[in-house]
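Colleague: Sequence:
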Amino acid sequence: MVGKTNMDQFASGLVGTRTPYGVARNPFDERFIPGGSSSGSASAVGNGLVTFALGTDVAGSESRRLFMEACERMQAIGGQLVQIRFEPFAETARLLYTSAFMAERYAGIRTFLEGKGESSKESVGVDPRLQRVTAAIMSGALAYSAVDVFDALTRLNDLKRQAELEMDKIDMLLVPTSACHYSIAEIEAEEKLATSVTWAKNTNLGRFTNFVNLLDMAAVAVPSGILRCEPSPSILTGEEAERAQHLAATGNPAPVLPFGVTMIGPAWSDDSLAEVASRFHAASSLGCGPAGHAVKPYRQK
21 MVGKTNMDQF ASGLVGTRTP YGVARNPFDE RFIPGGSSSG SASAVGNGLV TFALGTDVAG
81 SESRRLFMEA CERMQAIGGQ LVQIRFEPFA ETARLLYTSA FMAERYAGIR TFLEGKGESS
141 KESVGVDPRL QRVTAAIMSG ALAYSAVDVF DALTRLNDLK RQAELEMDKI DMLLVPTSAC
201 HYSIAEIEAE EKLATSVTWA KNTNLGRFTN FVNLLDMAAV AVPSGILRCE PSPSILTGEE
261 AERAQHLAAT GNPAPVLPFG VTMIGPAWSD DSLAEVASRF HAASSLGCGP AGHAVKPYRQ
321 K
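According to my numbering, numbering within the sequence shown proceeds without interruption in unit steps and concludes at 321.
No wet-lab data here; the hints were simulated from the structure. It is possible that some hints are incorrect.
Stated by the list, open to error - Taking lysine to aspartate or glutamate pairs in the DMTMM-like style, the calculated list, with each CA pair at most 20 Å apart, reads:
hint	residue 1	residue 2
1	Lys221	Glu111
2	Lys221	Glu92
3	Lys221	Asp236
4	Lys316	Glu50
5	Lys180	Glu92
6	Lys189	Asp178
7	Lys180	Glu134
8	Lys180	Asp236
9	Lys189	Asp290
10	Lys221	Glu208
What the hints assert, rightly or not - Label pairs and their in silico Cβ distance ranges:
hint	residue 1	residue 2	range
11	Leu74	Cys200	22 to 28 Å
12	Asp168	Ala287	35 to 41 Å
13	Asp236	Pro148	47 to 53 Å
14	Ala287	Ala127	22 to 28 Å
15	Gly23	Asp290	23 to 29 Å
16	Arg181	Leu69	42 to 48 Å
17	Gly23	Arg85	16 to 22 Å
Given the structure is predicted, the values throughout are model-derived calculations rather than measurements. C-beta atoms are modelled at their ideal positions from N, C-alpha and C, and glycine is treated no differently.
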């Protein structure tokens, strides 16, 4: 079967809500986003509609427990844990949203936006073809100069060298695939209020993976566990308490969502990563989607 699936407009997000074609929903719990940019692909595979789908490659305490369990599973199949300095990878991920690399987004669709006189640099912020958030991102990209681009490239090259030094200590890097699970309501509320090209929740989703493309690395994501969101606001403080209160208000039952890890290696390490991922996947005994995790999906009435 060949067909089109939904996604964030021009791959401009990691959430699946930045689209004029309706919001794709998480197969486990439709109150939550499925991730992105290729949200439709994730939903189609997770719901068992197709066995695979193409995706774009642009860039809590319970989660910590599940990640530690993933580390233990890696050790059980023969891995050895090695601590490294993560800052070069984290700073590279931040470059994607806070530097002149934003301009690359505009360059990628410039012909579409400015072709046949339909739009211009000055009017892209109000282009009716663009979602509000997409238009803001594209407008922000135009603020960078050629000097900013060279500065960003120089910084990236420095970070690449630092990252290579860390990768020399290990065979592969293991990270959570997603830093958090956000509901559709959370994402839509933030993006309605935001006036900046930086949206914190979208950025947070890519904290552990946005650096992969910029550093020219290979990666494979694998299911690892089940995240049961049973918030207890009374024992939390600050932002965690606010989020717990939000999750408690999403309705019953409490959200049950998938947790995955991503294995990252140098360029052209795809085969070795896939081999380890296959062994890890077999050890987890998890399949695809809610059925493969023995979870009953939640559907709003």
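Colleague: Would you pick out the hints that fail for this structure and give their numbers low to high?
Modeller: 2, 3, 5, 7, 12, 13 and 17
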